[in-house]
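Asks: No gaps in the numbering here: position 156 of the sequence shown is 156 in the working numbering, and each next residue is one more.
In short, the hints are calculated from the structure, not lab data. Source: prediction; values computed, not measured. Keep in mind that the hints are not guaranteed to be accurate.
What the hints assert, rightly or not - Lysine-lysine pairs mimicking DSSO-like chemistry, simulated, CA-CA at most 27 Å apart:
hint : residue 1 : residue 2
1    : K264      : K244
2    : K15       : K80
3    : K281      : K244
4    : K156      : K244
5    : K386      : K332
6    : K15       : K31
What the hints assert, rightly or not - Label-pair ranges, simulated between beta-carbon atoms:
hint : residue 1 : residue 2 : range
7    : K281      : R135      : 33 to 39 Å
8    : I166      : I360      : 34 to 40 Å
9    : P269      : Q2        : 45 to 51 Å
10   : I360      : D452      : 16 to 22 Å
11   : A206      : I360      : 32 to 38 Å
12   : Q2        : K264      : 50 to 56 Å
Every residue gets a Cβ at the ideal spot worked out from N, C-alpha and C, and that includes glycine.
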Amino acid sequence: MQRTPIDETKNLVGKEVNLFGWVNVRRDHGKIIFIDLRDRSGVAQVVFTPSNKDVYELANKLRSEWVVRLKGKVNARPEKMVNLEIPTGKVEIEPLELEILNEAETPPFPIDTDGQEIDEEVRLKYRYLDLRRERLQKNIILRSKFVDLARQFLFKKGFLEIETPILSAPTPEGSRDFVVPSRLNPGKFFALPQSPQQYKQLLMVAGFEKYFQIARCFRDEDLRADRGFEHTQIDLEISFVEQKDVMALDEEMITAVVESMGYKIKQKPFPVFTCQEAITKFGADKFDLRTEEDKKNGVLAYAWVIDFPFFEKEAPPAGGWTFTHNPFSMAKPEHLDWLVKGENIDQILTTQYDLVCNGIEIGGGSIRAHKPEMLEAVFRIMGYSKNDIQKQFGHMLEAFKFGAPPHGGIAHGIERNLMTLLGEDYLREVQAFPQTSSGRTSVMDAPGELSDKQLQELKIKI
Numbered sequence: 001m002q003r004t005p006i007d008e009t010k011n012l013v014g015k016e017v018n019l020f021g022w023v024n025v026r027r028d029h030g031k032i033i034f035i036d037l038r039d040r041s042g043v044a045q046v047v048f049t050p051s052n053k054d055v056y057e058l059a060n061k062l063r064s065e066w067v068v069r070l071k072g073k074v075n076a077r078p079e080k081m082v083n084l085e086i087p088t089g090k091v092e093i094e095p096l097e098l099e100i101l102n103e104a105e106t107p108p109f110p111i112d113t114d115g116q117e118i119d120e121e122v123r124l125k126y127r128y129l130d131l132r133r134e135r136l137q138k139n140i141i142l143r144s145k146f147v148d149l150a151r152q153f154l155f156k157k158g159f160l161e162i163e164t165p166i167l168s169a170p171t172p173e174g175s176r177d178f179v180v181p182s183r184l185n186p187g188k189f190f191a192l193p194q195s196p197q198q199y200k201q202l203l204m205v206a207g208f209e210k211y212f213q214i215a216r217c218f219r220d221e222d223l224r225a226d227r228g229f230e231h232t233q234i235d236l237e238i239s240f241v242e243q244k245d246v247m248a249l250d251e252e253m254i255t256a257v258v259e260s261m262g263y264k265i266k267q268k269p270f271p272v273f274t275c276q277e278a279i280t281k282f283g284a285d286k287f288d289l290r291t292e293e294d295k296k297n298g299v300l301a302y303a304w305v306i307d308f309p310f311f312e313k314e315a316p317p318a319g320g321w322t323f324t325h326n327p328f329s330m331a332k333p334e335h336l337d338w339l340v341k342g343e344n345i346d347q348i349l350t351t352q353y354d355l356v357c358n359g360i361e362i363g364g365g366s367i368r369a370h371k372p373e374m375l376e377a378v379f380r381i382m383g384y385s386k387n388d389i390q391k392q393f394g395h396m397l398e399a400f401k402f403g404a405p406p407h408g409g410i411a412h413g414i415e416r417n418l419m420t421l422l423g424e425d426y427l428r429e430v431q432a433f434p435q436t437s438s439g440r441t442s443v444m445d446a447p448g449e450l451s452d453k454q455l456q457e458l459k460i461k462i
């Protein structure tokens with residue numbers, strides 16, 4: 001049976017249609033019953049009158065969120081009944097057949113509001129209902145469009161989409177790892193990737209030259225409004241490039257994607273600030289260049305930040321050196337000699353570049369170390385012993401001995417980009433099934449306990 005999306009009814013006056021969806025609103029006006037029928041594409045008004053007795057009596061039973069099939073004729077609304085606030089506001093449906101596909105209990109909260117007034121734990125417990133609200137439908141649909149536009153841009157630029165493992169090994173990227181016990185290797189653990197960092201560099205060694213993936217990333221860090229245990233990023237890496245090349249291509253991608261979605265960019269090309277300039281001028285390396293008028297008009301103010309310090313002192317009692325962004329970055333060419341010799345550590349700058357928009361960091365990357373001595377020097381400065389370096393990163397050092405090309409890349413957190421586009425304050429508003437602020441997965445009762453049998457199989461004792 002052919003289905004007509006509700007939104008298409010606006011162009012089908014005089015035609016018969018077969019609609020499927022949910023009862024959005026029911027209104028009784030004397031003997032006339034008005035139903036607003038909703039599917040993903042939109043809402044249309046259905047008018048039931050006693051002239052069609054069987055259908056009318058069935059319509060009397062309908063309640064909000066019931067699922068129905070409706071065959072009907074599309075009529076033009078009387079001029080005084082036209083509703084220009086919705087795309088289908090000039091038409092209404094005259095029902096010919098009605099079938100109740102499923103009834104629904106009364107939802108635990110209203111879904112015809114924006115949902116901001118509802119307790120987070122309750123919203124996420126019933127996330128499948130929360131996602132029915134118009135605002136979240138819009139957010140998730142826009143997320144899909146954002147990813148698709150970026151993907152199509154990269155394909156046109158000759159990139160290959162390549163997946164990398166989820167079950168991997170720990171890698172130092174600034175957060176704690178989530179670990180997974182191995183049944184076949186008792187006492188040993190996989191780590192879920194904080195990013196595909198090492199794999200994408202190995203793909204450059206493998207000669208693929210232009211890689212990207214829509215990568216799932218996992219970080220066991222304290223939860224905040226813009227951070228969760230898991231997120232998704234548009235991850236890309238390119239061989240034979242310098243810093244300016246990656247920044248130019250990424251700027252072209254972001255511009256093409258957001259402008260095709262109808263957004264306005266404040267300044268092109270994006271302004272560039274050194275880290276020191278940003279801190280001096282704005283007090284931080286993440287800043288908002290918009291005026292109040294820009295904010296009212298939904299303008300996007302992008303800017304690059306470059307020339308970050310490579311290292312910073314760890315907080316006491318450790319007191320050693322640690323990386324500021326990414327240990328796999330390359331130092332600026334003029335500071336490579338300092339890096340390899342371990343001199344002037346506090347003055348070494350990295351080839352890192354961050355993209356900020358409206359006060360939020362939405363992407364970051366760097367030119368990477370592609371020679372063994374570069375990577376060894378970073379970990380040596382951070383206090384790693386020669387044995388530790390070999391144990392944890394020997395595979396990278398060995399790979400770099402087999403003709404590793406110069407390469408660099410960038411990653412964009414999809415959630416942060418969508419928060420910026422939509423003006424949302426919380427990551428959960430642009431994810432389908434986010435974690436709660438207490439670290440539990442929405443809807444599912446996770447994390448949970450393992451059975452004794454599972455623990456025995458994994459050789460784990462609690």
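Asks: Work down the list of hints and note, for each, if the structure agrees.
Replies: Results of checking the hints against the structure:
Distance restraint check for K264 and K244: the Cα-Cα separation of roughly 24 Å lies within the 27 Å cut-off, and the hinted pair is therefore satisfied. Our distance criterion of 27 Å between C-alpha atoms is met by K15 and K80, whose separation comes to about 22 Å. In summary, the hint linking K281 to K244 is supported, as the alpha carbons are separated by about 23 Å, within the 27 Å threshold. Restraint check: the Cα-Cα separation between K156 and K244 comes to about 20 Å, which is no more than 27 Å; the hinted pair holds.
Taken as a hint, the K386 and K332 pair is honoured in the structure, with Cα atoms around 24 Å apart against an allowance of 27 Å. As the CA atoms of K15 and K31 are separated by approximately 25 Å, the hinted pair is consistent with the 27 Å bound. At about 35 Å, the CB distance of K281 to R135 agrees with the hint of 33 to 39 Å. Between I166 and I360 the beta carbons are some 27 Å apart, a value that contradicts the proposed interval 34 to 40 Å.
Remark: the range hint 45 to 51 Å for P269 to Q2 is upheld by a beta-carbon distance near 49 Å. Range check, I360 to D452: about 46 Å between beta-carbon atoms, so the 16 to 22 Å window is missed. Taking 32 to 38 Å as the suggested C-beta distance range, the pair A206 and I360 conforms, at roughly 34 Å. Between Q2 and K264 the Cβ separation comes to about 40 Å, which falls outside the hinted range of 50 to 56 Å.
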